[in-house]
Amino acid sequence: GNSVTQMEGPVTLSEEAFLTINCTYTATGYPSLFWYVQYPGEGLQLLLKATKADDKGSNKGFEATYRKETTSFHLEKGSVQVSDSAVYFCALTVSNFGNEKLTFGTGTRLTIIP
Amino acid sequence: EAGVVQSPRYKIIEKKQPVAFWCNPISGHNTLYWYLQNLGQGPELLIRYENEEAVDDSQLPKDRFSAERLKGVDSTLKIQPAELGDSAVYLCASSFEPSYEQFFGPGTRLTVL
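Taken in order, these protein sequences are the chains called A and B.
If you want my numbering, it's the position in the first sequence, counting the first as 1, plus 472.
If you want my numbering, it's the position in the second sequence, counting the first as 1, plus 1478.
Hints listed in this document are in silico derivations from the structure and should not be mistaken for laboratory results.
From the derived model, a few chain A residues whose C-beta atoms are all more than 12 Å from chain B:
| hint | residue |
| --- | --- |
| 1 | T484 |
| 2 | D526 |
| 3 | G533 |
| 4 | Y538 |
| 5 | Q553 |
Taking lysine-lysine and the BS3-like style, the derived pairs with C-alpha atoms no more than 27 Å apart in a straight line are:
| hint | chain 1 | residue 1 | chain 2 | residue 2 |
| --- | --- | --- | --- | --- |
| 6 | B | K1549 | A | K573 |
| 7 | A | K521 | A | K573 |
| 8 | B | K1556 | A | K573 |
| 9 | B | K1540 | A | K573 |
| 10 | B | K1556 | B | K1540 |
| 11 | B | K1494 | B | K1556 |
| 12 | A | K549 | A | K528 |
| 13 | B | K1489 | B | K1549 |
| 14 | A | K573 | A | K532 |
Covered, in the sense of this in silico footprint (three residues per stretch, anywhere, with C-beta under 8 Å from a C-beta of chain A), are these stretches of chain B:
| hint | segment |
| --- | --- |
| 15 | 1514-1521 |
| 16 | 1572-1583 |
Here the structure is a predicted model, which is why all the values come from computation and not from measurement.
Positions of the beta carbon are idealized from the N, C-alpha and C atoms, including for glycine.
Here chain A stands alone, though its shape is the one from the complex:
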């Protein structure tokens, strides 16, 4: 089956620090990979995505590269801000003739200290 394993939290960093949140996956088929973010009191929002190997998704200073050889999709940001404090979820879907189902990791809570 499909599964996503992501770095356990919580993660606490100082403002302007470099961020990496690890994510690895197993999938039956060729997955599309996603990072979702959940800010306090809000719903999940799509942060970035990549649909094929070596693609790099990017948004709001965050990046993640689809690495097929290591089955990974690590999230990175060069300089985090207090406003980045949230829970981050790695997820995948495998195309199944329109029956795509999102499979999520357990989430990583990130707290940025000023």
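Could you slot chain B onto chain A? The hints should help.
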């Protein structure tokens, strides 16, 4: 453009009581999803609708859970009777079509005492 609307945002009930959650998707979105998110876990799909048809309900515990989307727009998820283990956040999401980006509502946090 309004996002996915869910109500109530919070609900506290005693075990064995019934409870219902309501979701109004983004206008024009044909596909609607209900997810269960346990504390410290990622969301898990309960049911997916395409218009008014439930096309994937394999993860819905049908002995106590039911859902409907009668006119293919808003949807209701019901639990009867609720158990202590049902305490969780229930998320609704919608998309234009199944292969398109899903947009999530803020969720309903259920506490069963």
